[in-house]
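Q: First to last, the protein sequences are chains A and B.
Following the working numbering from start to finish, the first sequence increments by one per residue and tops out at 297.
Following the working numbering from start to finish, the second sequence increments by one per residue and tops out at 586.
Heads up, some of the hints might be wrong.
[Stated by the list, open to error] Covered by chain B, per the in silico footprint, the following chain A stretches (three or more residues, Cβ under 8 Å):
{"hint": "1", "region": "3-16"}
{"hint": "2", "region": "19-30"}
{"hint": "3", "region": "59-65"}
{"hint": "4", "region": "135-141"}
{"hint": "5", "region": "200-210"}
{"hint": "6", "region": "257-268"}
[To be verified] Taking CB as the label site, the calculated pair distances span:
{"hint": "7", "chain 1": "B", "residue 1": "Asp420", "chain 2": "A", "residue 2": "Glu107", "range": "54 to 64 Å"}
{"hint": "8", "chain 1": "B", "residue 1": "Gly479", "chain 2": "A", "residue 2": "Met79", "range": "37 to 47 Å"}
{"hint": "9", "chain 1": "A", "residue 1": "Leu192", "chain 2": "B", "residue 2": "Asp353", "range": "24 to 34 Å"}
Source of the hints: derived by calculation from the structure; they are not laboratory data.
None of these values were measured; they are calculated from a predicted model.
All residues carry an ideal CB built from backbone N, CA and C; glycine is no exception.
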Amino acid sequence: MKFVNPLVVASGVLGVTGASLKFVVENGAGGVTSKSIWLKEHKGHKNPVIIANEHYMLNAVGLPDAGIEKARLELGKYMDNKPAPLIANIVAARVDDFGEVAEKVSELNPDIIEVNISCPNVESEFGKPFACSRADAAGVTKIVKSRTKIPITVKLSPNVENLVEIAKAVVDAGADGLTLINTIGPGMAIDLDMRSPILANKVGGVSGPAIKPIAVKCVYDVHKALPNTPIIGTGGITTGEDAIEIIMAGATLVGVGTAVYYRDVECFRLIAEEMSAWCDAHGVKNLSEIRGVAVIK
Amino acid sequence: MPKAFPKALPVKKIIQETDNVKTFVFEYDLGAEPGQFVNMWLPGVDEKPMSVAYCDEKEFWVSIFAVGPFSSAMHELKVGDKVGVRGPYGKGFSWKKGEHLVMMAGGYGAAPLYYLTRKAVSDGCTVEFVIGARSKSHVLYTERIEALKNVFLHVATSDGSMGVKGYNTLILKQLIEDAAKGKSFREHCGDNTCEREEVDFAPLDCVYACGPEMMMKSVAEICLEAGVESQVSVERYMKCGFGVCGQCSVDGSGMRMCSEGPCISGADALMIEEFGKYHRDAQGKVHEF
């Protein structure tokens, strides 16, 4: 698989339909990630599901999806004249279901399967995410690996005390890569006049500029411990310099999501241009020269 | 960066338009252009996108048809009750000074087109305002429209209880024919009788449609064939309202109806694969119209 630039749209952003994913590539993304795919239809939360300000975004969309048949239709449309590599993000409520959805999604031939075990805004429905336990995270990884030949990346949560231990367990279980990080929290925003939480789900994952330092540290820590494991670094990446920063922490690909709110969909083209400009100004010919350079080995 | 936190606004005034439609007036400088929308939030109920029916520096209006749980909850509000409002969002309608315009309102689409009409006539435009509805009891805003200068009201109802019997596109076709001839008739009605006066009729510069998608599709097709510009307001299920979630992206171009839309040219709308054919629900599943 070849990415024209390392920027991929993060799961949950502009990823409901195949046409929308193509629209993201037209706007400069080097690759795309689908919205989380369930085996069967899953309803999300009621509106409001996303709010944002200059510092952060708070979302509890709640992983709505119409199931594998819808993915077949939409990702099929994307794969028809595929403009850039596709990462198919999958989710399930039970460990066994991850295997089945991975097998079905593999029939659609994505370049990478991203395993979402870290969504923080469905806890009221499913309890603590699998990404919070080494055993659960490794268990999901193992079953997914046993059902597909496509490379897999496991999306981990920053909301744990032992991220490096969990990352190691997932890689030991066969993960080809890691996606770091899912949203922070969950968090909450209360409207003073309404005297009520704003999100219908009350709580939601925090993303955007405010979480970038946490994302950078998580990538740094995991890259230091697992220098040979490719990482999709994501969390508040909004500018070219942000992207360079997370690559210096050890990321191979860079997930961009909330930046669409701050700079609209053209953010992909803008960030890629800013990265090129930075590299030119600093004599960097290939990003491999700076990947993980900040990590004291 | 769009405004993406709701602001709680008390309802200033409620106007009962028809049995099922109420207009809510809020005292707030929203800054919305015609065709833009706001997301309205009732805590514990839901949040829904709603077209702006009027807006100036002092106030804005939203007209709501009681059709589901959210709109019914809106209808139970009293003056002083608060609604969370965020926006305005989306791309509105555009027009130029001194043009001859046609508004094609399907049912409650009359509300946002009323705001467009007010702005357009203040820019020296002349407007043919065509309302189509099931019956007289579903026809909105006629008094406000008739009170505007250089605006001519035309009505069609499916049951013939008001105006012409049939679809409002019958009237559009007549207007296009009249514009080709350069002549039309204006009716001046008293208490019992109507007089017809033949008048000069300028070419049509643009036709705007807001209402059921099949009606908008007919309008776009009729206009394309007649060589008249058109703009339509394409409604899709929306979540964020500001271009992030991808829920309202349409097939073909992938354009987001909350950002590149909802108001787009009729020619662009006809290029959308799903226009007049299907739409998606909250889970992204396709449903035919």
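Q: Indicate, hint by hint, whether the structure satisfies it.
A: Comparing the hints with the structure gives:
Chain B is given as covering the region 3-16 of chain A, and this holds because 5 residues of the stretch bring a CB closer than 8 Å to a CB of that chain, at least three being needed. Check result for the region 19-30 of chain A against chain B: holds, 7 residues qualifying (beta carbon to beta carbon below 8 Å, three or more required). As drawn, the region 59-65 of chain A meets chain B at 3 residues by the rule of a beta-carbon pair under 8 Å; at three or more, the given contact holds. With a cut-off of 8 Å between beta carbons, the region 135-141 of chain A has 0 residues touching chain B; three or more are needed, and the interface restraint is violated.
Residue count for the region 200-210 of chain A with a Cβ under 8 Å from a Cβ of chain B: 1. That is fewer than the three needed, and the coverage hint is violated. For the region 257-268 of chain A, the proposed coverage by chain B is satisfied: 7 residues have a C-beta within less than 8 Å of a C-beta in that chain, meeting the threshold of three. Between Asp420 (chain B) and Glu107 (chain A) the CB atoms are about 56 Å apart, so this pair conforms to the stated range of 54 to 64 Å. A hinted range of 37 to 47 Å is violated for the C-beta pair Gly479 (chain B) and Met79 (chain A), which are about 54 Å apart.
For the pair Leu192 (chain A) and Asp353 (chain B), the supplied restraint of 24 to 34 Å holds, since their beta-carbon distance comes to about 27 Å.
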